[in-house]
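Undergrad: Below, each chain spelled out in residue letters.
2 protein chains.
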Amino acid sequence: MIPVRFAQRMQEIEPFSVMEVLERARQLEKAGRRIVHMEIGQPDFAAPQIVIDAAIKAMRERTLGYTPALGLMELREAIAGYYLQHHGLNIPPSRIAVTTGSSAALLLALCALVGPGDEVLMPDPCYPCSRHLVRLTEARPIAIPTDETTAYQPTADMVVAAWRPSTRGILLASPSNPAGTIVEPGELQAICELSGHRGGFTIVDEIYSGLLYEGKAASALCRNPDAIVVSGFSKYFCMTGWRLGWLVAPEALIREVEKLAQNLYVSPPAAAQYAALAAFHPESLAVLETRRLEFRERRNFLFDALRSLGFGIPVLPQGAFYLYADCARFAAQSNALAGQMLEQAGVAVAPGKDFGEHQAHRYLRFAYTRSRGELEEGVERLARMPVVRSALDRSGNTS
Amino acid sequence: MIPVRFAQRMQEIEPFSVMEVLERARQLEKAGRRIVHMEIGQPDFAAPQIVIDAAIKAMRERTLGYTPALGLMELREAIAGYYLQHHGLNIPPSRIAVTTGSSAALLLALCALVGPGDEVLMPDPCYPCSRHLVRLTEARPIAIPTDETTAYQPTADMVVAAWRPSTRGILLASPSNPAGTIVEPGELQAICELSGHRGGFTIVDEIYSGLLYEGKAASALCRNPDAIVVSGFSKYFCMTGWRLGWLVAPEALIREVEKLAQNLYVSPPAAAQYAALAAFHPESLAVLETRRLEFRERRNFLFDALRSLGFGIPVLPQGAFYLYADCARFAAQSNALAGQMLEQAGVAVAPGKDFGEHQAHRYLRFAYTRSRGELEEGVERLARMPVVRSALDRSGNTS
Numbered sequence: 000m001i002p003v004r005f006a007q008r009m010q011e012i013e014p015f016s017v018m019e020v021l022e023r024a025r026q027l028e029k030a031g032r033r034i035v036h037m038e039i040g041q042p043d044f045a046a047p048q049i050v051i052d053a054a055i056k057a058m059r060e061r062t063l064g065y066t067p068a069l070g071l072m073e074l075r076e077a078i079a080g081y082y083l084q085h086h087g088l089n090i091p092p093s094r095i096a097v098t099t100g101s102s103a104a105l106l107l108a109l110c111a112l113v114g115p116g117d118e119v120l121m122p123d124p125c126y127p128c129s130r131h132l133v134r135l136t137e138a139r140p141i142a143i144p145t146d147e148t149t150a151y152q153p154t155a156d157m158v159v160a161a162w163r164p165s166t167r168g169i170l171l172a173s174p175s176n177p178a179g180t181i182v183e184p185g186e187l188q189a190i191c192e193l194s195g196h197r198g199g200f201t202i203v204d205e206i207y208s209g210l211l212y213e214g215k216a217a218s219a220l221c222r223n224p225d226a227i228v229v230s231g232f233s234k235y236f237c238m239t240g241w242r243l244g245w246l247v248a249p250e251a252l253i254r255e256v257e258k259l260a261q262n263l264y265v266s267p268p269a270a271a272q273y274a275a276l277a278a279f280h281p282e283s284l285a286v287l288e289t290r291r292l293e294f295r296e297r298r299n300f301l302f303d304a305l306r307s308l309g310f311g312i313p314v315l316p317q318g319a320f321y322l323y324a325d326c327a328r329f330a331a332q333s334n335a336l337a338g339q340m341l342e343q344a345g346v347a348v349a350p351g352k353d354f355g356e357h358q359a360h361r362y363l364r365f366a367y368t369r370s371r372g373e374l375e376e377g378v379e380r381l382a383r384m385p386v387v388r389s390a391l392d393r394s395g396n397t398s
Numbered sequence: 000m001i002p003v004r005f006a007q008r009m010q011e012i013e014p015f016s017v018m019e020v021l022e023r024a025r026q027l028e029k030a031g032r033r034i035v036h037m038e039i040g041q042p043d044f045a046a047p048q049i050v051i052d053a054a055i056k057a058m059r060e061r062t063l064g065y066t067p068a069l070g071l072m073e074l075r076e077a078i079a080g081y082y083l084q085h086h087g088l089n090i091p092p093s094r095i096a097v098t099t100g101s102s103a104a105l106l107l108a109l110c111a112l113v114g115p116g117d118e119v120l121m122p123d124p125c126y127p128c129s130r131h132l133v134r135l136t137e138a139r140p141i142a143i144p145t146d147e148t149t150a151y152q153p154t155a156d157m158v159v160a161a162w163r164p165s166t167r168g169i170l171l172a173s174p175s176n177p178a179g180t181i182v183e184p185g186e187l188q189a190i191c192e193l194s195g196h197r198g199g200f201t202i203v204d205e206i207y208s209g210l211l212y213e214g215k216a217a218s219a220l221c222r223n224p225d226a227i228v229v230s231g232f233s234k235y236f237c238m239t240g241w242r243l244g245w246l247v248a249p250e251a252l253i254r255e256v257e258k259l260a261q262n263l264y265v266s267p268p269a270a271a272q273y274a275a276l277a278a279f280h281p282e283s284l285a286v287l288e289t290r291r292l293e294f295r296e297r298r299n300f301l302f303d304a305l306r307s308l309g310f311g312i313p314v315l316p317q318g319a320f321y322l323y324a325d326c327a328r329f330a331a332q333s334n335a336l337a338g339q340m341l342e343q344a345g346v347a348v349a350p351g352k353d354f355g356e357h358q359a360h361r362y363l364r365f366a367y368t369r370s371r372g373e374l375e376e377g378v379e380r381l382a383r384m385p386v387v388r389s390a391l392d393r394s395g396n397t398s
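Taken in sequence, the protein lines are chains A and B.
With numbering that gives the first Met the number 0 as the guide, the letters of the first sequence map in order to residues 0 to 398.
With numbering that gives the first Met the number 0 as the guide, the letters of the second sequence map in order to residues 0 to 398.
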């Protein structure tokens, strides 16, 4: 027997290194250590009770077969209603596809839009799946390096400079993972326009748009009706394990997405869709608003605390539940520092290399998806680490 | 604005035409017609009660966040236990990936194995997603035309004849959709071996393997430990809307699949996984066994009844819940006949063109996923159609 070869693309699709952190954290927990988890990108809250009740009702009363490939029409209508109520946008349900998580929304859009020879722009750092999903389609992800001077987001000028004949469009996230920053509205509008004038697309991942702590949430669709928006129920709605997202796109693209969805996964999970119908109920939204305020409170605490320790976070991020912190003061390689933090202090964080290559060795991503008390304990543990204490001593910072 | 172009591949990815049948059937139902549904490839049964109860318990008691990308280890162990108990196979859980439906199992395996320039063999007719998912990876699906002389399955000789330098492997289904036939065990073994000797893979879709009515279920893994098996909870376990499948593969491939799964969908749905743990409970299997016998009874009825009407089904299919019937006696184009059957008789079936090109115009696929009473009514309605009656009159067949 000759061993089976893998596809060429597999050499460029990397595992999330945060998974290794998580795996090691679990080993340490099994050995009796208590770990403070700041590596995990999912809320510590379950779905609102009314959502769970709706799922249980559907399970009791329905056969739960395949739904339409684009999702239940009632749910597409409910999502349209949400855009009307919260963004003042009138989007027909025919422009909305319900998908198996927001990952699938992005995958479907990319599969319909790009292939071999095409290039897709995206910021570095960004959510690692973005470049891997582009690679999966045999298109090439092209990084636009960003740093704190533009809040880790590309500007229209940077996009113009990066655009080439083979560029088919750009992929943004607002608020972003890992930095939690938004694309400045004027820049967003300019990017949508310059991309459109070149026959390109603008995909904006808005999965964190409900978790905004400054100003009012404004979808890219408010800036440009042709923007392609990826969103879902995982983050703000606290339904990560339910695997339900959505895509808003021009109708012609939704028709292509429907063909792909039929083939890729037949339909999104049925019970999750019936449950999600209850996610927009005032009772659910009231619970989620309380949680948003809690996340804001955690952000404020952790932002101040990490800066006091000497981590570099020049701007308070507006949303999501992450802080992207410069740790160059403590270590040359953030990956090694993440390992030390886990082993010495029992604090788990994600190393910058998960999010790209540009200055990745300088950064760590802290998630504030645990309680205030746990975050406080994490910060205290970090403060006791020799590498942090000696840096604090050198700088004369005694906080 | 220049209109956005779609990826080249979208020209070759077709919608299921059965979806148009279903859509038209729903229109007719809204207008007050009663339709007999023989187009739908999903059981008319809900999941066993013990499975539903397990899901409700998980929803009440758990946060339902992301699970590991390859699924809960307990579920991978339970699936391994199922192979041991029902196939006498000792498969370590590390060789099993839980996936978001069996579609995702096939997608993940193909993405890890093939890309531009590669070719994958598959029979024609076959499940249409198979060729579309291959196309999605930028590899080329190559059809091996089959007919009733080999029970719509390829033989080892046919595979040898079709193999080319660019061939990377073969994709089979047993029992198959649309024909419900199995790959003869000796041929299956020979195909696995000849593929392996050429450095190729053999993927076998066994999603219908629990729905076997003749002989004992035997996984391709009994024939060859390197076979890559796609299966899941949708069909035999009556959990279509839960979107849960699995992949059995050599460990090196599972490691690649893990990377892809992290990127493509983070994890399979959580509640469905806790529910599926109960699917292997004796109480669940007893319910499913009763249903299998019911499907067999339906198959026997529909096989005889359609042959009496003059449809050509030369061999009794061993499994799944489909009959692939030659209707050349009634119409030159099965697609047009399917339309007539729906409009005139209110009977919905899937046209052959959904499953390939080889003689597709001669065939219709009948699903026996409705009650015996409904199937009887469907057959009576067909018997009254002028096109069927006149063909019966011509042949002197009076049954």
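Please keep in mind that the hints were generated in silico from the structure rather than gathered at the bench.
Some hints could be false.
If chains are identical, the list can't say which one is meant, so a pair holds when it fits in one copy or spans any two.
Straight-line distance between alpha carbons at most 30 Å, and here's what the computed DSS-like set of lysine-lysine pairs gives [unchecked claim]:
#1 LYS258 to LYS215
#2 LYS56 to LYS352
#3 LYS215 to LYS56
#4 LYS215 to LYS29
#5 LYS29 to LYS258
#6 LYS352 to LYS29
#7 LYS29 to LYS56
#8 LYS258 to LYS352
Undergrad: Now look at each hint and say whether the structure bears it out.
TA: These are the hints, each one checked on the structure:
1. LYS258 to LYS215: neither (35 Å within a copy, 36 Å between copies)
2. LYS56 to LYS352: Result: close neither inside a copy nor across copies, 43 Å intra and 39 Å inter.
3. LYS215 to LYS56: neither (34 Å within a copy, 38 Å between copies)
4. LYS215 to LYS29: The answer is neither: 43 Å in one copy and 43 Å across copies each exceed 30 Å.
5. LYS29 to LYS258: Between copies only: 25 Å across, 46 Å inside.
6. LYS352 to LYS29: Classified as within: same-chain Cα gap 27 Å, cross-chain 55 Å, threshold 30 Å.
7. LYS29 to LYS56: between (37 Å within a copy, 26 Å between copies)
8. LYS258 to LYS352: Classified as between; 16 Å across copies, 35 Å inside a copy.
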